[in-house]
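Listed in order, the protein sequences are those of chains A and B. This note's numbering numbers the first residue of the first sequence as 1 and each following residue consecutively. This note's numbering numbers the first residue of the second sequence as 1 and each following residue consecutively.
Simulated from the structure, these hints should not be mistaken for laboratory data. Among these hints, one or two may not hold up.
[To be verified] A partial selection of chain B residues facing chain A, derived with a Cβ cut-off under 7 Å:
#, residue
1, T27
2, V29
3, T41
4, G221
5, Q309
6, W310
7, D345
The C-beta atom is built at its ideal place from N, Cα and C for all residues, glycine as well.
Read off the chains here:
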Amino acid sequence: MSLRDFVLGGQWVFLTYFVGINLGYLMQNIIAAYGIRKYLQTSEQYEAENVFSALDIPISLVVPAYNESSSIITSVKAMLQLEYPQFELIVVNDGSSDDTLQKLIDEFGMQEFPEAYRARVESKPVKSIYRSTRISNLRVVDKVNGGSKADASNAGINVCRYPLVCVVDADSVLQPDSLRRVVRPFLEDPTTVAVGGTVRIANGCTVRQGFLEKVGLPTNFLALVQVVEYLRAFLFGRMGWSPINGLLIISGAFGLFHKETLVEAGGYNPKAVGEDMELVLRLHRLMKEKRKPYRITFVPDPVCWTDAPENYRDLKGQRVRWQNGLGQAFALNRSLLTNPRGGTVTWVAIPFYVVFELLGPIIEVAGYAFILLCGVMGWLSWPEAGIFLGLAIGLGVLLSTSAIMLEELSFHMYPKFSQLALLYLIAIVENFGFRQLTAIWRFQGLVRWLRGREHKWQTITRSTSLADEAD
Amino acid sequence: MEWLFRSNFDPLTNAALWSIAAVLLTTIVLFAYTVGLRIATNSAIRNRQRFLSVWRDIFAGALLGNGIPDEQPLPPIRRGDWIELLEEWNRVRSVVDGRAVDNLIRLAKRTGIPPIAEKLFESRRVRARILAVQTIGHLRLSEFWEELRALVDHDNTAISITAAAALVDIDPGAGVNIVVPKINSRRDWPRNRVSVILQHADSACISEPLYRAIRTEESSGQTYLLQFARLMESEILDALVDELIRGSPDPRVVTASLKLVSGFKGVPRIAALTQHDEWYVRMQAAKVLGRVGQQEHLSLLESLLDDPQWWVRYRAGQAISSLPFLGPNQLRAIRDRQTDPYAIDILQQCFAEVGLA
């Protein structure tokens, strides 16, 4: 192969990738816009007539907690006030080394209770189960540290009594009506097995008594960029897949599952790095293998607010872990990749994820290196390179603009004009440096997956708003 | 920038240039649309707050005593405010009863709500149509009876269930006769919403059509309709439950019927069901025996304490701990004589639940 062939071949690989990924995102955008419009119309209809005003599927809320001493009381108090007719709250203390358990015992009058524990899904041994003497729907499971959120969640699932299970991060801030909103797909379609809700960034918001009091934008640049990223990821990333039943991820921060299907699938995989995605892939695999009709759905309502990393170290750790988890989830469910009856999941969603999300960082990082090499060697035609760079940035900005428009069209959580202006500014700025950096971190995550590193509970430094609240 | 306008780029680069122009234009259009949307939303919110601040007081006045006097002038209603007015009126109307309903209907007629509802009834917009149907029901406009009756079969869940509610609002007796036979075929109707609609009619109205519907349905329909059977008169319900427990070959119908047992009728038959092949029947039978069981049923319940199904063991344990003729010492004696570890575990849990260590 001559040098010219190498350069030309490289150009075509990158161009094909570039066209493919942007066409994919464009399609997702169109499907998401249609899906959100339809969702809002039916929401309006249901609200106009209060069709779902009285709900009748009780929910078990499982909150895995590891060293959450500083915030657990506020979180539990807030969750106990959620607007839903019937739910129970199960906090799973995963062998915390701090005083998480003692705080719960003191605050809610928890008493050890001889509950007949059924180990239906795998988890490390349960030491004790506590019941609140004051709050009838609160229980605490104290277990041996399993080293992962998945293991703790499984112990919680084993003591659930209700037909739907919602697994929530202990440091998540939930909308008071989050359960009411996220349960809707189960009421509309009985074949629904899992529902994900939109997660938004809590940094910059005012949180009081565990509830979101005022929506705001963070002042920290990294958190600000993640606000736009989350808008893209949830409003068209997930919403684009949901109407065609091709949703592959339900955020670990907030997901609602049909308990018996979850148990049948074996619960969360304690060895999985990205236990949330791995579970959704396994549910797809199980339902396809059993040839049962099913839906895995996403609701675009913002139901959960979570703390985003505000420093490079935490952000890098998160992105590396996500990419590692993505690779592992596909490897663990590889039979789904070739299932002839896999439908949209096997033939559309997974190929897109594998090419553009899993292997994407390789192409992107190689692309940067290629441009650099061509520039250094004098092989680059600067005007042409500038045009393609402009197009890449323009498409990036367009996708963010579209996500901001979808947000405005649907939920308009950021009501000030200054907030809108800031979001647009970030949509432009993030293309210079941030995107390249995340591509490199994702590449590192991919390498880590190939090397087979293990995963443990990850803690991030809290943003000011939530840390104050916790104190 | 001269290089940008040269004409000797290759076709690919030219395509990229045109794409940039298209992307830029689309971005600007989306941006302008978003800003326009923001301005319109803010303005709508302000209008709504202004409108509601005036009308909420008027509606509150209509709920008291004889309502708003006819001579009291009402504020003018702008064209864009009608939907807000109808929504608010319906919201208030749906939570009141008695004299306040008459006051609200009188107020609606003064403000001109009925012709607006009639106009919206013809709308092609689903939300407007739902609002119209709801308003017609709340206003008890019987002249729309046939149109509403046809809408009960509409494909759209929200429209059809709103029409069903409107029929029951207008004439409870005739309304339930139309709605009840449809319930089984309209599984898309949320069950609690159906219950709320049926509750608007009294149990004397509901009993007969519901009894007839349950008797004539297949097993799956019977199971589904039994969820609403509590709304029937108690004598009719007891007779129906007894009949189904004795006669139905379907374990799901039997289970649904067991959930409705309220008296001591048919206890021997219920006791026999503790040995049923299906675990959910055994579980439900154990639960019923906890309420209506006698001394002779204790051994049956004890035999369920080592059942392979956790729920059967749990309900049997709960049933034993709730039997009224057993005191704490007798309960402890029952626990002490168990040899099966599952039975001991479950009794410990159930006794702890009732505060018996």
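Against the structure, the hints:
This hint holds: B:T27 has a C-beta 5 Å from the nearest C-beta of chain A, less than the 7 Å allowed. The interface hint given for B:V29 is violated, since its Cβ lies 9 Å from the closest Cβ of chain A, which is over the 7 Å cut-off. Hint status for B:T41 relative to chain A: holds, with the closest Cβ pair at about 6 Å, below 7 Å. For the restraint placing B:G221 at the interface with chain A, the shortest Cβ-Cβ distance is roughly 16 Å, beyond the 7 Å limit, so the hint is violated.
The closest approach between the C-beta of B:Q309 and any C-beta of chain A is roughly 10 Å, which is over the 7 Å cut-off, so the hint fails. The closest approach between the C-beta of B:W310 and any C-beta of chain A is roughly 5 Å, which is under the 7 Å cut-off, so the hint is satisfied. Taking 7 Å as the C-beta contact cut-off toward chain A, the hint placing B:D345 at the interface holds, the least distance being around 4 Å.
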